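S.K.: Bring the two chains, given one by one in their own frames, into a single complex with the hints.
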Amino acid sequence: ETGVTQSPTHLIKTRGQQVTLRCSSQSGHNTVSWYQQALGQGPQFIFQYYREEENGRGNFPPRFSGLQFPNYSSELNVNALELDDSALYLCASSLGTSGGYNEQFFGPGTRLTVL
Amino acid sequence: AQSVTQLGSHVSVSEGALVLLRCNYSSSVPPYLFWYVQYPNQGLQLLLKYTSAATLVKGINGFEAEFKKSETSFHLTKPSAHMSDAAEYFCAVIYSGGGADGLTFGKGTHLIIQP
Chain A
1 ETGVTQSPTH LIKTRGQQVT LRCSSQSGHN TVSWYQQALG QGPQFIFQYY REEENGRGNF
61 PPRFSGLQFP NYSSELNVNA LELDDSALYL CASSLGTSGG YNEQFFGPGT RLTVL
Chain B
1 AQSVTQLGSH VSVSEGALVL LRCNYSSSVP PYLFWYVQYP NQGLQLLLKY TSAATLVKGI
61 NGFEAEFKKS ETSFHLTKPS AHMSDAAEYF CAVIYSGGGA DGLTFGKGTH LIIQP
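Listed in order, the protein sequences are those of chains A and B.
Numbered according to my numbering, the first sequence spans residues 1 to 115.
Numbered according to my numbering, the second sequence spans residues 1 to 115.
Bound conformation, chain B alone (with noise of 0.2 angstroms):
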């Protein structure tokens, strides 16, 4: 079975700081990995995805993460935080071929930018 764990419920940074939201994933297979962002009352937008390309994926508004087997982990960073960047941002996996099954969300970290 698939499942998303996402490290903070809560993570608080200062603008211009760097953002690191962490994910790991556990997956029987290869897995497919997603970082979504929410605004409030807002449904899901996707700021990147992995699917077995580059293990290096860049994303929209300065975004990145990085794919690491190894430690079954998708950490979400961007080098400089900005006041827009809060938002609640979930980690999502889905394994390849497993279309039908849907994706499977962590429980979202919560990032607050301090001004």
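Chain A on its own, in the form it takes in the complex (with noise of 0.2 angstroms):
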């Protein structure tokens, strides 16, 4: 069985250009959340997919946005990065939606720096 797997490792960009961040869930999983972690805090709910459908989302802005493929890998996309955008990006999969219940995979994350 595969683990979440996320692409690139490391990422390096400059203020206001764009980045897309990938993530492949662990296989059977239909649901994919993606974290935001800072150097030195606990990861932030970004949003979640659900059957490619958005269902849930945290406090942030538009200029992050997300797809979920049919075959349930995931892309996060950050428009006009600014320099607080740089942390390490974290995707999560589940079976199902109940995140309480149903237990969260993480990836080993990807490390966006932001100059």
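Where hints are given, some of them may not hold.
In silico EDC-like cross-links for lysine to aspartate or glutamate, where the CA-CA straight-line distance does not exceed 20 angstroms [what the hints assert, rightly or not]:
1) B:58 - B:85
2) B:107 - B:88
3) A:13 - A:75
4) A:13 - A:84
5) B:107 - A:85
6) B:49 - A:103
7) B:58 - A:103
8) B:107 - A:75
9) B:49 - B:71
10) B:58 - B:88
11) B:107 - B:85
12) B:49 - B:85
Simulated from the structure, these hints should not be mistaken for lab results.
This structure is a prediction, so every number in the text was calculated from the model and none was measured.
M.R.: Next up, the structure:
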């Protein structure tokens, strides 16, 4: 069974640019959640996708957007990058949307640096 | 709104000593509670979770936690620390039925094991 994978591992962008991060869910999982983890902080929930539809969102602006594909892989897109967007971005997959009952399996993350 | 407070950003114990990491939660409805561990340059791994069954929860690697509603606490313990336990630990909460809202994490506690 393949776990959650993310690409790229590291990424450097400049302010104002756009970035796309990718996540491949664990086999059989139909739900993916994205989190932002700033240095020295706990992860913060960005949004969740279930069967290709966004069905939950945290306190992040619209320039953070996502996609989930029929094979349940996922993308996180961030437009107009700001310095504060520098963080580790984690995706987590689960079977079903009940995050309390269905364990979320986390990938290793993508480290984004905005200069 | 739900929140989690982890007391102590850094905890240092000697190898073989008791590990106690503190977590207090705030949730207006019955919560599900989690402890995750994060090793350097890795994603989050679930240690244990409370989902309204037994209040004493046993997890992996010898860790356990006790849900105390009267104290709104979910402290993590391990009787005897091992060098391999050195890592960042996160407490997280989600209220039952709040799957689409994502997990709310504390800021984390860095566990240091002294030889």
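S.K.: Is residue 58 of chain B within 20 angstroms of residue 85 of chain B, Cα to Cα?
M.R.: holds (16 angstroms)
S.K.: Take the C-alpha atoms of residue 107 of chain B and residue 75 of chain A, compute the straight-line distance between them, and say whether it is at most 20 angstroms.
M.R.: At roughly 26 angstroms apart (the allowed maximum being 20 angstroms), residue 75 of chain A and residue 107 of chain B break the hint.
S.K.: Given the hint that residue 58 of chain B pairs with residue 103 of chain A, does the C-alpha gap stay at or below 20 angstroms?
M.R.: Given that 20 angstroms is the threshold and the Cα spacing comes to 16 angstroms, the pair holds.
S.K.: Between the alpha carbons of residue 49 of chain B and residue 103 of chain A, is the straight-line distance 20 angstroms or under?
M.R.: holds (9 angstroms)
S.K.: Taken at face value, is the distance from the CA of residue 85 of chain A to the CA of residue 107 of chain B at most 20 angstroms?
M.R.: holds (18 angstroms)
S.K.: Does residue 49 of chain B pair with residue 85 of chain B here, judged by a C-alpha cut-off of 20 angstroms?
M.R.: With Cα atoms ~18 angstroms apart, residue 49 of chain B and residue 85 of chain B stay inside 20 angstroms; holds.
S.K.: Check whether the Cα positions of residue 58 of chain B and residue 88 of chain B lie no farther apart than 20 angstroms.
M.R.: holds (19 angstroms)
S.K.: Can you confirm whether the C-alpha distance between residue 107 of chain B and residue 88 of chain B stays at or below 20 angstroms?
M.R.: Satisfied, since the Cα-Cα distance of roughly 10 angstroms is no more than 20 angstroms.
S.K.: Take a quick look at whether residue 107 of chain B and residue 85 of chain B sit within 20 angstroms of each other, Cα to Cα.
M.R.: At roughly 18 angstroms apart (the allowed maximum being 20 angstroms), residue 85 of chain B and residue 107 of chain B satisfy the hint.
S.K.: Are residue 49 of chain B and residue 71 of chain B close enough, with their CA atoms no more than 20 angstroms apart?
M.R.: holds (18 angstroms)
S.K.: Starting from residue 13 of chain A, check that the Cα of residue 75 of chain A is at most 20 angstroms away, please.
M.R.: Holds - the C-alpha atoms of residue 75 of chain A and residue 13 of chain A are around 17 angstroms apart, at most 20 angstroms.
S.K.: Has the given pair, residue 13 of chain A with residue 84 of chain A, been kept, meaning a C-alpha gap of at most 20 angstroms?
M.R.: Answer holds: residue 13 of chain A to residue 84 of chain A is near 12 angstroms, not above 20 angstroms.
The earlier numbered hint that this structure contradicts is number 8, and it is the only one.
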